[in-house]
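Enquirer: Protein chains in written order, with my numbering: chain A, 1 to 300; chain B, 1 to 338.
Do not take every clue at face value.
Said to hold, decoys possible - With a straight-line Cα cutoff of 30 angstroms, these simulated DSS-like cross-link-like pairs (lysine-lysine) come out:
id: 1; chain 1: B; residue 1: LYS213; chain 2: A; residue 2: LYS287
id: 2; chain 1: A; residue 1: LYS253; chain 2: B; residue 2: LYS88
id: 3; chain 1: A; residue 1: LYS106; chain 2: B; residue 2: LYS85
id: 4; chain 1: A; residue 1: LYS77; chain 2: B; residue 2: LYS211
id: 5; chain 1: A; residue 1: LYS87; chain 2: B; residue 2: LYS319
id: 6; chain 1: A; residue 1: LYS287; chain 2: B; residue 2: LYS82
id: 7; chain 1: B; residue 1: LYS211; chain 2: A; residue 2: LYS153
id: 8; chain 1: A; residue 1: LYS87; chain 2: B; residue 2: LYS107
id: 9; chain 1: A; residue 1: LYS81; chain 2: B; residue 2: LYS107
id: 10; chain 1: B; residue 1: LYS301; chain 2: B; residue 2: LYS211
id: 11; chain 1: A; residue 1: LYS81; chain 2: B; residue 2: LYS88
id: 12; chain 1: B; residue 1: LYS267; chain 2: A; residue 2: LYS77
id: 13; chain 1: B; residue 1: LYS177; chain 2: B; residue 2: LYS213
id: 14; chain 1: A; residue 1: LYS261; chain 2: B; residue 2: LYS88
id: 15; chain 1: A; residue 1: LYS106; chain 2: B; residue 2: LYS107
id: 16; chain 1: B; residue 1: LYS107; chain 2: A; residue 2: LYS287
id: 17; chain 1: B; residue 1: LYS319; chain 2: B; residue 2: LYS301
None of these hints come from the bench; they were simulated from the model.
Note that the coordinates shown come from a computational prediction; the quantities given were computed from them, not determined experimentally.
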Amino acid sequence: MAAPQATHDWADEVEDQEESPATVADLPPTQKIQNKDGSTTIIEYRYNDLNQKVKTTRRIRFITHREVVNPRVAERKRWAKFGLSAKDGPGPAADTTSVGENIIFKPSVNWRKDAKDESKDPNAQAMKDKLKDKKVKCRICNGEHFTARCPYKDTMAPIGETGGADVAAGLADEGPGAASVGAAGAGKKGSYVPPAMRGAGAGKAGESMGGKYGERDDLATLRVTNVSEMAEEGELRDMFERFGRVTRVFLAKDRDTGMAKGFAFISFADREDAQKACDKMDGWGFKHLILRVEFAKKAA
Amino acid sequence: MRPILLAGHERALAQIKYNVDGDLIFSVSKDQQICAWFAHNGERLGTYHGHQGAIWTVDVDPTSTIIASGSADNTIRLWDIKSGKCLKTWEFPTAVKRVEFNEDGTKLLGVTEKRMGHLGTIVVLDVVVDVNAEQNDEKVLTIVCDESKATVAGWSYLSKYIIAGHEDGSVSQYDAKTGDLNFNIAIHELDCAITDLQWAPDRTYFITASKDKTAKLITADDLRVLKTYVSDTPLNSATITPKKDFVVLGGGQAAMDVTRTSARQGKFEARFYHKIFEDEIGRVRGHFGPLNYVAADPTGKGYASGSEDGYVRVHQFDKGYYDFVYEVERERQRELAV
Numbered sequence: 001m002a003a004p005q006a007t008h009d010w011a012d013e014v015e016d017q018e019e020s021p022a023t024v025a026d027l028p029p030t031q032k033i034q035n036k037d038g039s040t041t042i043i044e045y046r047y048n049d050l051n052q053k054v055k056t057t058r059r060i061r062f063i064t065h066r067e068v069v070n071p072r073v074a075e076r077k078r079w080a081k082f083g084l085s086a087k088d089g090p091g092p093a094a095d096t097t098s099v100g101e102n103i104i105f106k107p108s109v110n111w112r113k114d115a116k117d118e119s120k121d122p123n124a125q126a127m128k129d130k131l132k133d134k135k136v137k138c139r140i141c142n143g144e145h146f147t148a149r150c151p152y153k154d155t156m157a158p159i160g161e162t163g164g165a166d167v168a169a170g171l172a173d174e175g176p177g178a179a180s181v182g183a184a185g186a187g188k189k190g191s192y193v194p195p196a197m198r199g200a201g202a203g204k205a206g207e208s209m210g211g212k213y214g215e216r217d218d219l220a221t222l223r224v225t226n227v228s229e230m231a232e233e234g235e236l237r238d239m240f241e242r243f244g245r246v247t248r249v250f251l252a253k254d255r256d257t258g259m260a261k262g263f264a265f266i267s268f269a270d271r272e273d274a275q276k277a278c279d280k281m282d283g284w285g286f287k288h289l290i291l292r293v294e295f296a297k298k299a300a
Numbered sequence: 001m002r003p004i005l006l007a008g009h010e011r012a013l014a015q016i017k018y019n020v021d022g023d024l025i026f027s028v029s030k031d032q033q034i035c036a037w038f039a040h041n042g043e044r045l046g047t048y049h050g051h052q053g054a055i056w057t058v059d060v061d062p063t064s065t066i067i068a069s070g071s072a073d074n075t076i077r078l079w080d081i082k083s084g085k086c087l088k089t090w091e092f093p094t095a096v097k098r099v100e101f102n103e104d105g106t107k108l109l110g111v112t113e114k115r116m117g118h119l120g121t122i123v124v125l126d127v128v129v130d131v132n133a134e135q136n137d138e139k140v141l142t143i144v145c146d147e148s149k150a151t152v153a154g155w156s157y158l159s160k161y162i163i164a165g166h167e168d169g170s171v172s173q174y175d176a177k178t179g180d181l182n183f184n185i186a187i188h189e190l191d192c193a194i195t196d197l198q199w200a201p202d203r204t205y206f207i208t209a210s211k212d213k214t215a216k217l218i219t220a221d222d223l224r225v226l227k228t229y230v231s232d233t234p235l236n237s238a239t240i241t242p243k244k245d246f247v248v249l250g251g252g253q254a255a256m257d258v259t260r261t262s263a264r265q266g267k268f269e270a271r272f273y274h275k276i277f278e279d280e281i282g283r284v285r286g287h288f289g290p291l292n293y294v295a296a297d298p299t300g301k302g303y304a305s306g307s308e309d310g311y312v313r314v315h316q317f318d319k320g321y322y323d324f325v326y327e328v329e330r331e332r333q334r335e336l337a338v
């Protein structure tokens, strides 16, 4: 490169350098390496928009695929490129064409069911087995999943706060593995206990604060799971009213879609009615799904 | 299958067209350029420059010599496919939303927008399929849609009728020679615009897509609804796949609503339905915006979809696609073999 002139500003000099053809020559030449397995490694160097040197390593296997095409089509393949592609070399240009990730598309009449069966593939199963002893525990419901994945994350407060307690207790007996986790979570050492709940025990404090009504409400509340997405609160009320006076029906709904999330709480005025409803409705078919009904909080 | 992603556009795709041999793909978008691509590897052949506004539509003549495009700059332009040169410009009072060549490429129809006091029209132009020929300035025919503007239109078999889909969900049949309205039938739900109209290979029937979340297969002769495909999202496009009896529907919630709802509600998937049995048989995901256009490869080997996200995805079908048959079809084949 020519020596910089005396009048030259240092800033100009830098720019000069970048634009001069010498920088292109600075780039190491493109390397092509034949690998043993028949593939080719191509290492290219170029400058990006910010004038940073970029090294691109591509490993390519050429597979010759012969196809007989119409002569018209063959002729078109030899056409010169034009417009914005005029400077592109032969073959697809990296900036306009790329290959997407593999998509499995197999038409099937019951494709909806097939999509769910993905969980059955051996890889996922192996991973599950491996993670079985790891005990991932959700802070909201104590279930064996990450808190972020918890189905109740929008509606329930984390365990320890009274709102989430009944759900947690209810969920704990769903799986044999989960039971121990749930129990451990409830009495876990070192977890934060609000001052009001310390010492004498949560139960007593709650009693004195909430009064009789709250207690009864808890005792006569049923947790209904596996509820159809299409369910309405009115329908649930109608179903459960047969067993006695229903004081409250809560159906968890998605904020965006307004569809049911799949679980509901039904409070009865009378615990006996609740017990009857629980016995009758557990296993009841509703909108193609079999309801699971249990007490929201186990009678202590 | 591994789709090929074509990132030649900076804005939402408007239309994609395969040529007759299925080796070239033309895509247009709101970013004022037309791109031509090789279908087999996604290589870009070139770009066509000249339009001053969003390009809404493109079509290829049957000999793959010229393409026509319609744009929001109120013009229809003819281009030489090979060189990228603009051959002819027709000016109109309003934007051009759809162009289509007839079966032999001698006529071109254009659908113009209803705007600024002008009514929506369907115009027919004479075209000479020759790069060096002088093109005729005059419109052969102008059909004025005074009731509800036409959103899409196409030529039936033998260029006998012009079929138009309207903003109010109805479909009209016009005589292609005189421009007279033969009849107009309400096909889709009232005031759910027809967003796309694509022909079967022999042009005796076509498929329409509508904002009312359905696509319908309709005969050209008497506008009888043969089949209805019901989906759960507003549709922007529908196409009929050759070789296999499937239809592909593309849609998703309107682009303006995307940011207002959560992503999992997007439904930005191409939906495959069986043409005869009307069952949904699968979906292909990949786009992250609503699908604005789906086009089937005329050779039946694949399809391409263009989306609001600016990408064209070109798919080549796997073996599983060709193998799929209904149990009744298999039984029938067995009976015939015996």
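Enquirer: Straight-line Cα separation of LYS267 of chain B and LYS77 of chain A no greater than 30 angstroms?
Expert: Violated - the C-alpha atoms of LYS77 of chain A and LYS267 of chain B are around 36 angstroms apart, more than 30 angstroms.
Enquirer: Regarding the pair LYS81 of chain A and LYS107 of chain B, is the alpha-carbon distance no greater than 30 angstroms?
Expert: With Cα atoms ~28 angstroms apart, LYS81 of chain A and LYS107 of chain B stay inside 30 angstroms; holds.
Enquirer: Are the Cα positions of LYS261 of chain A and LYS88 of chain B separated by 30 angstroms at most?
Expert: Measuring from Cα to Cα gives roughly 58 angstroms; hence the hint is violated.
Enquirer: Quick one, are LYS287 of chain A and LYS82 of chain B close enough, alpha carbons at most 30 angstroms?
Expert: violated (60 angstroms)
Enquirer: So if I understand the rule, the pair passes when the alpha-carbon distance is 30 angstroms or less; does LYS177 of chain B with LYS213 of chain B pass?
Expert: violated (33 angstroms)
Enquirer: Check the hint pairing LYS211 of chain B with LYS153 of chain A against an upper bound of 30 angstroms on the C-alpha distance.
Expert: At roughly 34 angstroms apart (the allowed maximum being 30 angstroms), LYS153 of chain A and LYS211 of chain B break the hint.
Enquirer: Under the criterion that the straight-line Cα-Cα distance not exceed 30 angstroms, is the pair LYS106 of chain A, LYS107 of chain B satisfied?
Expert: violated (40 angstroms)
Enquirer: Has the given pair, LYS213 of chain B with LYS287 of chain A, been kept, meaning a C-alpha gap of at most 30 angstroms?
Expert: holds (24 angstroms)
Enquirer: Holds or violated: are the alpha carbons of LYS87 of chain A and LYS107 of chain B at most 30 angstroms from each other?
Expert: Cα-Cα ~35 angstroms, so violated.
Enquirer: Hey, LYS319 of chain B versus LYS301 of chain B, does the alpha-carbon distance stay inside 30 angstroms?
Expert: holds (10 angstroms)
Enquirer: Holds or violated: LYS81 of chain A with LYS88 of chain B, Cα cutoff 30 angstroms?
Expert: holds (21 angstroms)
Enquirer: LYS87 of chain A and LYS319 of chain B were given as a pair; does the straight-line alpha-carbon distance stay at or below 30 angstroms?
Expert: violated (37 angstroms)
Comparing the model with each numbered hint stated earlier shows that hints 2, 3, 4, 5, 6, 7, 8, 12, 13, 14, 15 and 16 do not hold.
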